[in-house]
Amino acid sequence: MQVNTSSSSKNSSSSAKKAKVVAKEKVSMYSSPPRGEMSLDEFEEFAVDRLVILRMIDNLRVKGFFKTRELQQQVGPQLRKLADPRKDEISHFTLRLAHSRTEELRRWFLTQECALFRLRLEELGPTELEGFMQAPFDGETYRIPFTEALDLVSRREAKLERGVALVRPSKVRSIIVAKFRAGVSKGLAKASSYFGAAAADPRLAPLLNNVEKHDVSAPTTTGDETSGESITADQLDLLSKTSMPLCMRQTHDALRREHKLKHWGRVQYGLFLKAAGLSMEDQVRFFEQEFTKLVPHDQFHKEYAYGIRHRYGKEGKRTDYTPYGCLKIIMDFAPGPGEFHGCPYRHYSQDHLTALFGTLGLSPPQAAELRQLSKSHNYQIACQRHFEFLHPGAAAADQEISAGVGNHPNAFFKASRAYYDANNKKL
Amino acid sequence: MTEVENNNNNNNNKGPAFSEDLLRMYYARLFPYELFCQWLAYEPGPSPDPTKPLEKLGTRELCFTLKDDIYCRYQTFGCAAELKAMMLKKMPHKIDIGAVFNSPMRDHKSPSFRADERELVFDVDLSDYDDVRTCCQGATVCRKCWQFIVAAVKVLDAILRYDFGFDHLLWVYSGRRGVHCWVCDRVARELTNEARTALVSYCSLARSSDHAAALTWPLHPSLARAFDIVEPIFARDVVSDDGQQLLATPENWTKVLRRLPDDTAALIADHWATRDSTPAQKWAALKTQLRTTTTTTTTTANASDRSAAKKQKRAVVSDLWKYETVFAYVYPRLDDNVSKQRNHLLKAPFAAHPKTGRVCVPFDPTIVEDFDPCAVPTLGDLAAQIDAGEADTDLAKTDLRHAVDFFKRSFLAPLLGAVAKERHDQREREAAAAGLF
Numbered sequence: 001m002q003v004n005t006s007s008s009s010k011n012s013s014s015s016a017k018k019a020k021v022v023a024k025e026k027v028s029m030y031s032s033p034p035r036g037e038m039s040l041d042e043f044e045e046f047a048v049d050r051l052v053i054l055r056m057i058d059n060l061r062v063k064g065f066f067k068t069r070e071l072q073q074q075v076g077p078q079l080r081k082l083a084d085p086r087k088d089e090i091s092h093f094t095l096r097l098a099h100s101r102t103e104e105l106r107r108w109f110l111t112q113e114c115a116l117f118r119l120r121l122e123e124l125g126p127t128e129l130e131g132f133m134q135a136p137f138d139g140e141t142y143r144i145p146f147t148e149a150l151d152l153v154s155r156r157e158a159k160l161e162r163g164v165a166l167v168r169p170s171k172v173r174s175i176i177v178a179k180f181r182a183g184v185s186k187g188l189a190k191a192s193s194y195f196g197a198a199a200a201d202p203r204l205a206p207l208l209n210n211v212e213k214h215d216v217s218a219p220t221t222t223g224d225e226t227s228g229e230s231i232t233a234d235q236l237d238l239l240s241k242t243s244m245p246l247c248m249r250q251t252h253d254a255l256r257r258e259h260k261l262k263h264w265g266r267v268q269y270g271l272f273l274k275a276a277g278l279s280m281e282d283q284v285r286f287f288e289q290e291f292t293k294l295v296p297h298d299q300f301h302k303e304y305a306y307g308i309r310h311r312y313g314k315e316g317k318r319t320d321y322t323p324y325g326c327l328k329i330i331m332d333f334a335p336g337p338g339e340f341h342g343c344p345y346r347h348y349s350q351d352h353l354t355a356l357f358g359t360l361g362l363s364p365p366q367a368a369e370l371r372q373l374s375k376s377h378n379y380q381i382a383c384q385r386h387f388e389f390l391h392p393g394a395a396a397a398d399q400e401i402s403a404g405v406g407n408h409p410n411a412f413f414k415a416s417r418a419y420y421d422a423n424n425k426k427l
Numbered sequence: 001m002t003e004v005e006n007n008n009n010n011n012n013n014k015g016p017a018f019s020e021d022l023l024r025m026y027y028a029r030l031f032p033y034e035l036f037c038q039w040l041a042y043e044p045g046p047s048p049d050p051t052k053p054l055e056k057l058g059t060r061e062l063c064f065t066l067k068d069d070i071y072c073r074y075q076t077f078g079c080a081a082e083l084k085a086m087m088l089k090k091m092p093h094k095i096d097i098g099a100v101f102n103s104p105m106r107d108h109k110s111p112s113f114r115a116d117e118r119e120l121v122f123d124v125d126l127s128d129y130d131d132v133r134t135c136c137q138g139a140t141v142c143r144k145c146w147q148f149i150v151a152a153v154k155v156l157d158a159i160l161r162y163d164f165g166f167d168h169l170l171w172v173y174s175g176r177r178g179v180h181c182w183v184c185d186r187v188a189r190e191l192t193n194e195a196r197t198a199l200v201s202y203c204s205l206a207r208s209s210d211h212a213a214a215l216t217w218p219l220h221p222s223l224a225r226a227f228d229i230v231e232p233i234f235a236r237d238v239v240s241d242d243g244q245q246l247l248a249t250p251e252n253w254t255k256v257l258r259r260l261p262d263d264t265a266a267l268i269a270d271h272w273a274t275r276d277s278t279p280a281q282k283w284a285a286l287k288t289q290l291r292t293t294t295t296t297t298t299t300t301a302n303a304s305d306r307s308a309a310k311k312q313k314r315a316v317v318s319d320l321w322k323y324e325t326v327f328a329y330v331y332p333r334l335d336d337n338v339s340k341q342r343n344h345l346l347k348a349p350f351a352a353h354p355k356t357g358r359v360c361v362p363f364d365p366t367i368v369e370d371f372d373p374c375a376v377p378t379l380g381d382l383a384a385q386i387d388a389g390e391a392d393t394d395l396a397k398t399d400l401r402h403a404v405d406f407f408k409r410s411f412l413a414p415l416l417g418a419v420a421k422e423r424h425d426q427r428e429r430e431a432a433a434a435g436l437f
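Just so you know, the sequences run in chain order Y and Z. All residue numbers in the first sequence are consecutive under the numbering used here, ending with 427. All residue numbers in the second sequence are consecutive under the numbering used here, ending with 437.
Wrong hints could be hidden among the right ones.
Okay, the calculated bits of chain Y under chain Z, using three or more residues with CB under 8 Å as the criterion [claimed, not checked]: (1) 95 to 109; (2) 275 to 287.
The list that follows gives simulated cross-link-like pairs (lysine-lysine, DSS-like), each with its CA atoms no further than 25 Å apart [claimed, not checked]: (3) Z:Lys322 <-> Y:Lys317; (4) Z:Lys340 <-> Y:Lys262; (5) Y:Lys260 <-> Z:Lys340; (6) Y:Lys186 <-> Z:Lys89; (7) Y:Lys159 <-> Z:Lys94; (8) Y:Lys159 <-> Z:Lys109; (9) Z:Lys94 <-> Y:Lys262.
One side only, chain Y facing chain Z, incomplete, derived with CB under 10 Å [to be verified]: (10) Ala198; (11) His263; (12) Lys302; (13) Glu303; (14) Phe333; (15) Gly336; (16) His347; (17) Ser349.
Keep in mind that the hints were calculated from the coordinates and are not lab data. Here a beta-carbon is modelled for each residue, glycine too, at the ideal position from N, C-alpha and C.
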């Protein structure tokens, strides 16, 4: 086991050097795995302690606590458990291996680890942060290749000069996180090639698999959003109003209104409908009915029907695609002009939302609440609240049913269907 | 109004613009195979033997679209002669260029098959401007709406060169109603999908449903520069009577004024209703009006009462209004999905557009305002020019020679020069490192 103290300081004073060493002990970049001996019990205990923290971060973020400060208040006390650098590193590398098996797990692990890393960076002062930076500094800005400052580039938060981003010290955290993310991402890819060998070791196999099983409910799309029932195309107009989250309802309305839908809209809505229980044949018929108001039938079959069959795993590489979860819909491409995918709470302007809420039959205070949640970046909470407005008494009645609402459009749909089923039975 | 789709031409050629026969003639006698391969191989040095396989070409994807929209993905070729034979045999109506992959195309079903390298590409299409075009819609294009493309090219070209430091930009007319840009610097070719996404986001303005971008102070230097580039185009070609007529009719200018504070908007509307002024004067007056508001504020700001603070806030809003309004019309609208993925296909330069017959010719972005999409030769034009011409080579008889010559001199030569220098520097470094031991 080595503690990473190899600071790359070249010309800094000894106190600054010390600060850098301290910083790197406090916040590891996990660039090389620890070596040494340990007991199996310890191995598992460390991993589970870290997993609890990562899941806690995930849960808080799903509930809308994106701000580092908010997260810190909640997670901060737990972080003491990882204060020992040895435990911190061992648990990180164990979970890295355990989460390397599938793309879904890798993405989940990377997201949570980056959030955790950011929390810890927050504790460091400017001098300590400097320890992570190797770029030239001219007294005002660091000069960093733009490829290492993508976050700032994409939000236009740094000036660019011939491929070099001029980054003010107040913005360096994002650079350090990007470096961390790149390192862990690469490490996960590497770990995935070892996973087979590690899991073949009879002492590690149950452990690695237990860690993974322990975790199974954390990543959002595991397929159990599939509604299990089947629906037909002629129900969609009604269902869009009673049981679809705003994103899907929007897409549905746009398709009916404009008789066309651009690529990401077709993918997002098409996969949702598949998981909601619409058969492939029905989906082809439904899209055909709309699209052919603008394009000839043979063009529809040539250009669009293939895509639908593809999404049902009947064409091309025959993957049975899973429907998009909220995180993906929120983080992915924003809809451009004439596009209707994405999350309305995330991607629509306040004016647009106001107009939209006017058509939903919400009371003014309800509309105001949703607008406020959207404004404060609590998109998933906004969606949960909308669910509650649509289904009075639902949250209180059955926690289990509405648990995934705001996490996945199909969970929203499923919960809504369950709600109406239960109410019908009562009637 | 001239419509590109109408297959009009400046060469009095009355035949079709595109057909199988014309395509065969074009592929047999004009398509610049050798230059095309030299580019995609990134192979400097004297013109290589056209029959010798070039290293980088073997794993580059071409996609052919045959007659009746039959797609043939994962086509490869090793050299110019092979490409020519392939194109003459398959007669693709459309040719797209994909990525350089990590293994030969026959492995394209393997899970480890992935795109290793690819030019950074951009696609700007006039159909994305339909809500602000009053002259044409959909696939048609004329000199008036082409000005939106002019603005986009100038802004994007400046961003790519000055902000990102790219030097090897190939701008190509897409054959119908838009343009493509191929950024061929090594750094650009090696960008990850993630980096491409960030870069595209830097180049784009997030737009709400009414297409207006919400800007904030202080304006990023890149946007300030973009404004300086496009504002003259806005004043000349968007507000004017012979342009998009934005400030030429009360119906149109109401749309513009709607985004101003109510009292200001009403004041201006009244003024314009009663007095004659040209659209250009109106725009100049609008800008002055905003500036006046700002100046009044700075003078009264000394009196630190509440209303001054309020005024100042409004003045700032008004000033942003100017940027937001101009950008809503003339800031580049990118088809960003084209740029974000390494393995996205894009129509090859020098391919012909099957709907218009026009060749996708490279053009000089510094004089893009002089580029006339309606004057780009169609395959029909080229055939007529060959028949009538007296020069030594087929190419020299046609108008295509200008585009080929521009491609060779202004794009390919500097690009290959840079590749050669890179290799030279690399060898020097290796020699120096070896000398140390």
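Structure-inconsistent hints, enumerated in ascending order: 1, 2, 3, 6, 7, 8 and 10
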